[in-house]
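> Quick mapping for you: the protein sequence lines, in order, are chains P and C.
Heads up, the first sequence is in this note's numbering, so the first residue is 403 and it goes up one at a time.
Heads up, the second sequence is in this note's numbering, so the first residue is 403 and it goes up one at a time.
For the record, the hints were derived by calculation from the structure and aren't laboratory data.
There could be a bad hint or two in this list.
It does not matter which identical chain is meant; a pair holds if it fits inside one copy or across any two.
[As the list claims (entries may be wrong)] Lysine to aspartate or glutamate pairs mimicking DMTMM-like chemistry, simulated, CA-CA at most 20 angstroms apart:
#1 K536 <-> D515
#2 K450 <-> D428
#3 K425 <-> E451
There are 2 protein chains.
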Amino acid sequence: VTSSPDFWVRIETPQGARHAHLKGDDVVPIEGSIFEEWRPAGDPLPLKEARLLAPVIPPTFYACGINYKGHWQTAAAEFGLDPDKTWPRTPEIGYRSQGAIIGPGQAIVLPSDVPENVQVEAELAVVIGRRASKVRAEDALDHVFGYTICNDVSARGWQFTDRTFWRSKNADTFKPLGPWIRRGVDLDRLVTRVSVNGELRESFPTARMIFSVAEWIEAITRYATLVPGDVIIMGTDGHCPAIVAGDVVSITIDGIGTLENPVLQESTS
Amino acid sequence: VTSSPDFWVRIETPQGARHAHLKGDDVVPIEGSIFEEWRPAGDPLPLKEARLLAPVIPPTFYACGINYKGHWQTAAAEFGLDPDKTWPRTPEIGYRSQGAIIGPGQAIVLPSDVPENVQVEAELAVVIGRRASKVRAEDALDHVFGYTICNDVSARGWQFTDRTFWRSKNADTFKPLGPWIRRGVDLDRLVTRVSVNGELRESFPTARMIFSVAEWIEAITRYATLVPGDVIIMGTDGHCPAIVAGDVVSITIDGIGTLENPVLQESTS
Numbered sequence: 403v404t405s406s407p408d409f410w411v412r413i414e415t416p417q418g419a420r421h422a423h424l425k426g427d428d429v430v431p432i433e434g435s436i437f438e439e440w441r442p443a444g445d446p447l448p449l450k451e452a453r454l455l456a457p458v459i460p461p462t463f464y465a466c467g468i469n470y471k472g473h474w475q476t477a478a479a480e481f482g483l484d485p486d487k488t489w490p491r492t493p494e495i496g497y498r499s500q501g502a503i504i505g506p507g508q509a510i511v512l513p514s515d516v517p518e519n520v521q522v523e524a525e526l527a528v529v530i531g532r533r534a535s536k537v538r539a540e541d542a543l544d545h546v547f548g549y550t551i552c553n554d555v556s557a558r559g560w561q562f563t564d565r566t567f568w569r570s571k572n573a574d575t576f577k578p579l580g581p582w583i584r585r586g587v588d589l590d591r592l593v594t595r596v597s598v599n600g601e602l603r604e605s606f607p608t609a610r611m612i613f614s615v616a617e618w619i620e621a622i623t624r625y626a627t628l629v630p631g632d633v634i635i636m637g638t639d640g641h642c643p644a645i646v647a648g649d650v651v652s653i654t655i656d657g658i659g660t661l662e663n664p665v666l667q668e669s670t671s
Numbered sequence: 403v404t405s406s407p408d409f410w411v412r413i414e415t416p417q418g419a420r421h422a423h424l425k426g427d428d429v430v431p432i433e434g435s436i437f438e439e440w441r442p443a444g445d446p447l448p449l450k451e452a453r454l455l456a457p458v459i460p461p462t463f464y465a466c467g468i469n470y471k472g473h474w475q476t477a478a479a480e481f482g483l484d485p486d487k488t489w490p491r492t493p494e495i496g497y498r499s500q501g502a503i504i505g506p507g508q509a510i511v512l513p514s515d516v517p518e519n520v521q522v523e524a525e526l527a528v529v530i531g532r533r534a535s536k537v538r539a540e541d542a543l544d545h546v547f548g549y550t551i552c553n554d555v556s557a558r559g560w561q562f563t564d565r566t567f568w569r570s571k572n573a574d575t576f577k578p579l580g581p582w583i584r585r586g587v588d589l590d591r592l593v594t595r596v597s598v599n600g601e602l603r604e605s606f607p608t609a610r611m612i613f614s615v616a617e618w619i620e621a622i623t624r625y626a627t628l629v630p631g632d633v634i635i636m637g638t639d640g641h642c643p644a645i646v647a648g649d650v651v652s653i654t655i656d657g658i659g660t661l662e663n664p665v666l667q668e669s670t671s
């Protein structure tokens, strides 16, 4: 595992989706499982010619929800709550839909009837590499394969009226994931930055979470087994920029990469 | 598609999980996709010697929540609501965790610290066979491959205190699914029956839903594309029997089959 390459992408090939690792300016396709055994398969191609897909499709797609106090300042106000008294005291995980996932560069398509105020939530995404059941926090990071980035696109108009997050957070294209999985990063040094149309709109220290990655893994695996490929998105901080059709939104986490997606409006034809 | 066998199972083989169809008292393993192209592969074996797995692992696992007025009579009382004024007026889908799925005959394992009152929710499970986006209700059933049964095991003590359904409904083993997928059933004639230790505890007409299967598919696919293998569990009616370690719970839907699972207590070693 220690000899595994640092960057893993998933690309479209004539034979279907394939994992590949970065080597210089090229990507090297592989056969097998990135989490178990693999071997190079097929010719390397230049990274800039590869069509990148979401780097993993999780069996179960977990979401931490509120996990930064700064974001809760804003969210609590929406609910009419006192943020200092109501931030989460226990880690209770939620879910997102695999069907909503898109890759880097693919378009976020706003449904024709979506209410105003669709927002970006810039989130660290944890990719599980080893089965994890009843893991203690001090051992939890041994079960992490690497990290990527998720834009937890949220239609606030629906989020606050619907009983579930089905269309507010899980409409088609609402879960951009990528651009790749980075291994061997030190979370404590990372900063998350959100830009819309090239203008920096928010930044925050990635690791300033209410519960850490390790604490979430301990909590989840008390009751639910995590398996290779499962993804946990870690919540966002600060203010969430709104996006409209025509925008390009990018999320950068230092040391991981940049996830960039254009925003389109669904045609009503 | 019309020539596809009526009953599909998924079985454990030395080569891993395989789909197979029923033929008399035998199961016939196949290669390929039950939703697209497949061919027989390997020798038939007697059904009673096959180890059945959950018949499908959905890419996205949808749950309808409250979808029968009888069940809402009970649930509303728990929330202190007037059931006649508060039953769902719009179909808003939720999610379950793939990681919680087990097959027929496998044990539901109660976590060592689960509060009292773990209940059975007997549910029809719809298996999608064809990609479905913006489908009208009148065309929706063309996208259904077949039906199976789900036990949406629910730890009420956690359900009413946690912010999400993570451990109340998605703890390991809490989503028995099976025993097989049945094609070509007429939902209007079906009855769902729940037994604990061989004693009938509840029964209800399967189709007496607030929103029909076709209406749910129309609602979901307005915003989210369903893909082959996706599963939608349709909610339950009436009273939900409680289960404790040592019980055997079975759910029968006429024309589909019987999903039976023993209940164990997690060891605290």
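> Now tell me if each hint is right for this structure.
To see whether the hints hold, each was checked on the structure:
For the identical chains of this complex, K536 and D515 are inter-copy neighbours only, at 13 angstroms across copies versus 43 angstroms inside a copy, given an alpha-carbon limit of 20 angstroms. Taking the shortest Cα distances, K450 and D428 sit within 20 angstroms of each other inside one copy (8 angstroms), while across copies they are farther apart (52 angstroms). In this assembly of identical chains, the alpha carbons of K425 and E451 lie at most 20 angstroms apart only when taken from the same copy (14 angstroms versus 49 angstroms across copies).
The earlier numbered hints are all upheld by this structure, with none contradicted.
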